[in-house]
Structures are given as structure tokens and as C-alpha cells.
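**Q** One letter stands for each residue in the lines below.
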Amino acid sequence: MNASLRTLTFTEAAREGLAEEMERDSSIFVVGEGIGERGGNFNTTLGLFDRFGPSRIRDTPITERGFVGMCTGAAMAGARPVVDFMFLDFILDAFGELVNQVAKIQYMSSGRLRMPMVLRGCIGVGGSAATHHSGNYYPFFLHQPGFKVVVPSTPHDAKGLLKTAIRSDDPVLFLEHKLLLATRGEVPSEPYLEPLGRARVRRSGRDATVVAVGVMTPKAVAAADSLAESGHDIEVIDLVSIAPLDTATILESVAKTGRLLIADEDYQPCGVGAEISARVCADGFDLLDAPVARLNGAYVPIPYSPPLEQAVVPSQDAVVKALRDLLAE
Amino acid sequence: MAVEVVMPRLGWTATEGVLKEWLMPSGASVKPGDVLFAVEGDKAVEEIESLDGGILHIPPDAPQPGDTVPVGQLLAYILEDGEEPPTGPSDRASTQQVVIQADIPALGAVSTVADRSSADHVRPAISPRARKTALELGVDWTGLQGSGRTGRIVERDIRAAAAAHTSGILSISPVARRLARELGVGMDVLAKAFPNVRITVDMVQQLGAAAKPQEDAIPFTPTRRTIAANLTQSLARSAPVTLTTELNATELVRLRDHLKADDRADVPTYNDLFLKISAHALLDHPVMNATVLEDGVRMNEQVDIGLAVHTDRGLLVPVVRHVHQKNLGQIHADTTDLIARAQTGRLKGLDMQGSTFTLTNLGAMGVDHFTPILPVGHTAILGLGRITVKPMVLDEARQDIGVGHAMALSLVFDHKAVDGAPAAEFLQRIRQFAERPYLWLTL
Chain F
1 MNASLRTLTF
11 TEAAREGLAE
21 EMERDSSIFV
31 VGEGIGERGG
41 NFNTTLGLFD
51 RFGPSRIRDT
61 PITERGFVGM
71 CTGAAMAGAR
81 PVVDFMFLDF
91 ILDAFGELVN
101 QVAKIQYMSS
111 GRLRMPMVLR
121 GCIGVGGSAA
131 THHSGNYYPF
141 FLHQPGFKVV
151 VPSTPHDAKG
161 LLKTAIRSDD
171 PVLFLEHKLL
181 LATRGEVPSE
191 PYLEPLGRAR
201 VRRSGRDATV
211 VAVGVMTPKA
221 VAAADSLAES
231 GHDIEVIDLV
241 SIAPLDTATI
251 LESVAKTGRL
261 LIADEDYQPC
271 GVGAEISARV
281 CADGFDLLDA
291 PVARLNGAYV
301 PIPYSPPLEQ
311 AVVPSQDAVV
321 KALRDLLAE
Chain A
1 MAVEVVMPRL
11 GWTATEGVLK
21 EWLMPSGASV
31 KPGDVLFAVE
41 GDKAVEEIES
51 LDGGILHIPP
61 DAPQPGDTVP
71 VGQLLAYILE
81 DGEEPPTGPS
91 DRASTQQVVI
101 QADIPALGAV
111 STVADRSSAD
121 HVRPAISPRA
131 RKTALELGVD
141 WTGLQGSGRT
151 GRIVERDIRA
161 AAAAHTSGIL
171 SISPVARRLA
181 RELGVGMDVL
191 AKAFPNVRIT
201 VDMVQQLGAA
211 AKPQEDAIPF
221 TPTRRTIAAN
231 LTQSLARSAP
241 VTLTTELNAT
251 ELVRLRDHLK
261 ADDRADVPTY
271 NDLFLKISAH
281 ALLDHPVMNA
291 TVLEDGVRMN
301 EQVDIGLAVH
311 TDRGLLVPVV
321 RHVHQKNLGQ
331 IHADTTDLIA
341 RAQTGRLKGL
351 DMQGSTFTLT
361 NLGAMGVDHF
371 TPILPVGHTA
381 ILGLGRITVK
391 PMVLDEARQD
401 IGVGHAMALS
411 LVFDHKAVDG
421 APAAEFLQRI
431 RQFAERPYLW
441 LTL
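For the record, the sequence lines run as chains F and A. Sequential numbering of the first sequence, starting at 1, is according to this note's numbering. Sequential numbering of the second sequence, starting at 1, is according to this note's numbering.
Errors might be hidden in some of the hints.
Claimed, not checked - Pairs of lysine-lysine, DSBU-like flavour, derived with a Cα cap of 35 Å:
(1) K326/A to K390/A
(2) K178/F to K104/F
(3) K321/F to K132/A
(4) K132/A to K256/F
(5) K178/F to K321/F
(6) K256/F to K192/A
Don't read these hints as lab results, they were simulated from the structure.
Taking the hints into account, I'd like the entire structure generated from these sequences.
**A** Put into C-alpha cells, the structure is as follows:
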């Protein structure tokens, strides 16, 4: 194996990035439920309590609005808080603080105050986490000005993006899909950063474009590989950045293929796909050879039952079918 | 008994048509008057209705939507309940009963169907990308059948059409090909304008000015493109010669003055008078009423005269049917209706097909003589010039000079089909009828 490349899990890579940044900058601290000695429900801080101590790896009570409010003040005062929500569903209890203060404070202070806060949490359907622990929620933060949102799908991006998010002076949501946490991938041993706001072309193709969000990326790549056997050449874009949207990369791809599918596990109405579709229709109307297609999870509360849970999210086969339909348009 | 459904003939010169789409699925129960399928003609898509009732059966090996199909070819059967589709060779005798509208324009029954056709189905759906590609490649997509799921024309259809048209050209010189590329003249445009000949630089230049995409160019509308393609095709296929004459229209003017003085509500126009005059002159000289085919002419018993009408959308030529059987009042009623519908965009494709002769009038705009282009397949077209008051010899025998109404006439004829002398005799006959209207009083 190349000396500079190792294989890490998504969680290990993100944790390594967090540790590197905490080592580099003592103003960085983490708050969250069970992230202290326990190391986090999803092992996001495993081993870091021993390394950085209780003042920088800080357990909290179940009071999201309270600890987000305190972190807001800390960020205003120059610290760089990382709020670990465990399940992102719990961010809803801090929504007022986030939308009214975190997103707006730079504007309200005419830029005299910065808001270098990372809001991280696990999203998505999987593992029978049931309806209160399976949400995605990112369209809320795309809609609201003031936030950046990243949904990495590889260990490499998880580390590089978390480090950049921590260094950003804007509030950044760093969202990890539960089913990607154990994904293994190559990660350089040398420190590196990945830029916010950029989509990645994971697979090049000429016949149709799939823009995949987070966990849909590996499914889209697998679907494209299976369609290649029947002669279809599919381009897969890993969206990575939900806010801001990398419209340029998508338009460049659609200019080549003329056909666009947006695959997103989250609900369809007013979702990321709706926004991408509207932008492509507005700025790339003459590029389109078919209506923009969307593939989303079912518009229902997420069930606990494993078979039902399987049924409400788009499968690899569903991506294949959506692509076949798109190619037939 | 199984009734055959075949490709109808849309217009006199049509030898084939494009089966656009089936509007009834195979196996459907159809009644007389139900719209079965759509056929694409020159300027419009016509929806064809069934004259019979029964179960529609479209054989698997029948022509598919998008196919160009010879007139009369079997498309489907209409079966009785439980009847097996025939397997033997088709029975052409029954065919004619099902071929519907094109040859019976006088029937008013098809109007609602055709209205819908011209309103909704003239232009197929096309993706934005395909539209852009068509513009780039110079492909006229209005006649294409799309391969998209809902029949939408998509990019691959445009590229296939461009490739097909290119290969349809028997040959093109390298210089001409390069010039065509420089001028932005599509291979399909060339193939359509000059079928079955080697494309030369001259031909490319002829189309080049119109096709050259310029920043400030106003793109042709589909109607304009059809006009351009038809006229160019006509020039490529005919050998037009123009004869001009000036006649004494004093009696014609007087005739209209008398009719006006009689408080008639509907005074025939000069167009109406010349429709009448032309019809009787054509009966006397039937060779001028013939349709010119690839390698022969077809004589037409009926006199159906196209009347050129200038509209916002361009030149439209609705057809006055059976002019030779109508009196001036009927002709006037026909032209009033056709002109009104031409101006308001309510003409059907059918209204503009099947003329055997054409009349065009620039007199109102101060033109004396001009050389109109023959409609494709026409032997002749008559151009009416202006009527002016001028000094003239009123009576040659008595050398009587006075003031009268002079009118200019231009006759363009296809020298391929007819020689100069018979054409001149025909023009002479028109002149006699115009100068002495009582000659056709009893006709």
C-alpha cells in the first residue's frame, strides 16, 4: 500500500480530522450528549476526552437550545465550538436559536461578529432508528440564508470537509449518514483540506447525469456500473455540498448529457432536487433533452420495521429504473 | 368483413405521407367519425377519421409511426366483433371507401376534426435541447416523429434526421459541402430542395443567403420555411417562362360599376371575375390545367384554383373548388370565406391542397407585370396587375382613340409541360373573356 494512503472508516477519518484541528487550535471545543468519556453514540469523539480533557470535550444535558445558545455566545466571543447533536433530529429543539441567531448574527453585527460554529449530526434512514432518529432535514438549511451544509459520502471527504468546516467563520452543518459511518476508504496520512461548496464527479458518462445526495452516491455509482453493461454511459455527481449548491458542476454535466436525475433519500417536496431542478431549468433550459427527474424517499414518517424501512428509501434498483425511464424520455 | 385502412392521399401531388401517430390503439372499438390516426402533409397534420365502425386492428408488421408510407398502403383493418384479421393480399377495392378526406374536400363533415388538428397537433413536442440542436444542424423538425416516451422529439431524433438526410443526398461536391457548412445550409435542406441530383455550389449559394445564421437574422417561421422549400423545389423542377400582355379592362370595370349601382351587397372582386374567366379559359385549354408529374402530366377534369393571399404569417394559397361549376356569387362567397380564414389563421391544411391552377394579384399594390413562381406541380399561374386609366385605341377599325382602363397580366407556365404557343393562346382567351365579359355570360 502507498505509504501516504491508509484505509479508514468514515467515522475514523472524521474523528482524525477533528483531533488534528483541536491539536492545532485550542479555541476549538466540542459539546454534545454522551460525547465525553463515552466517546459519542456514533464514536465521533472516541478517545478525545482522554486527549483533550473535559473542558474541550464537554458532555451536556438534554438541552439543545441551551447548549446551542451558549455555543453561539462562545463563537461570538471568538471560540470555535463544534456542536455534536448525535442524531440530527435533535437539532430541531435548537431551531429558533439557529435560525434567528446563528444564521443572522454576522449580518446583524455588520460583520463585526463571526459565527465559526460546526453543527454536526447523523442523518438518514437505517438501522431501524425509527421515526424520531431518521431525519435528513438539510433542505431547511438550504432554504435559510446564513448556513453552509455538507453531506460527505467518503472517508476522504469526511475528514477534509470537517477540517475546513471547523476553520470556516460561517456556521457549517456537517451531516453524516448513519449507513456511511462504517464505509472504508483511502485517506492520506498527511493533513489536507477539502473545499466547501464543491460537488464531485464520481463517475464520468455521456448519456445521463445522476446528482446523488450523500448515501445515494454509492447506490448511484453501482447503478451506473450495472447500466454500463447494457451500454448506457451514466455520469454520477456526488453533490457533497447542499449549501451552497454547486450549480456550475451540474450544468456542465447536463450540457454533456442533456438528462438529469436527482437521487436523494430525503423527501421530495421543496427538497434539494426541487432547487437543483429549478436552477437547471432556469440556467440550462436549452441543455435539457428530457424533463428533470427526481428519485426520493417516500413522503411518509420513517417506520421502525426493517422491511418497511427498506421500502421507503430508494434502492440501487430504483436508481437503475429511474435512469432507464429517464433515458427513455 | 374486414375493412382496410390505408394511407390517404393528402393533396393532388402527394404520393406518400408520414404516419404521424395512431390516435386509437389497436383493439379499440371505433365508430364512424372517430379519429383513427394523424398523417403529416405539406403544411399541416391531418387527422383521419373512420368511415366504418368496428374493432381497429393494427397488424404488427404495419407501418410504424414516423414511417413515410406510400399512398394507398395498408395501415390497419377495421374488423367486426370476433373477426380474425385477414392474412391474404389486400383487397384494394374496399380500400377506397376508407380513404377519407383528401379527395372529397367539399364534405363539411370533417371540419371539427381538422380544426382540432390544426390547432393542437401541427407541431410535435420537442425537448429544448433537441430544438437547439435542430437549429445548429439546420434540421426542420416540424415533420419528425419523436422517439421520446410521449412521442417527444429528443436530441437523438434530430441527429438521426440530420444523418439520414445527409445520406439521402446522392452526391455533393466537396466544394459545395464546404460552402454549405460555411453558409450554415443543412444537408437536409439541400436534399429537400434538390432531390435526387448532385448538389453543386450554385444550389448551395441559392439557399445560402436564407439559411446563413446571422446574429441579427430573424429565423424563418415553419410556414415561411415551407413556403421557401416549396418555391425552391418548384424552381429546381420546372422550366418557367413568363408571357405578359395588357388588355382593355373597361368593360370589366363597367360591369362592376353596374353591379355596385344596383345596391348589391356582394359585388364580386376582380379576383372573383378572373377566377370565373380563368376557369372557362382552362376548360377551353385543359393542358393549362394539368398537373406536372416527375415524368408526365395528369389532366384534371375539375378546375380548382388557388388564390394567393398575403397574411401576417406569409403567403397562403387557399383553393376555390370546382370554379367552373360556380356562378360569380358562389365564387365570391367562397373567396370571402377563404380570405377571412387565411387572415385569421383558421385555414386547414386541406383548404390549401389540390389546386390545379393559381391566381395571384399584385395590382392593388401598383404592380403591372411580375413573374410569380409556379406552385409545385402546376402548369401555369396567372398574375393580375394593376388597372390604370390611360389613353388607348378603343376601336382599331375606326382608329378611335380615347380613355379606357388598361390592365396588365402575367402568365408563368412550365415549358417542360407545354410550349409557348398553347400558353399564348390560353392567355389570349383570358384576354378575350376579360375585354368582352358577355362572352361568358351563359357559361
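**Q** Taking the hints in turn, state whether each one holds.
**A** We went through each hint and held it up to the structure:
no., hint, verdict
1, K326/A to K390/A, "holds, 33 Å"
2, K178/F to K104/F, "holds, 30 Å"
3, K321/F to K132/A, "holds, 28 Å"
4, K132/A to K256/F, "holds, 14 Å"
5, K178/F to K321/F, "holds, 25 Å"
6, K256/F to K192/A, "holds, 31 Å"
Of the numbered hints listed earlier, not one is contradicted by the structure.
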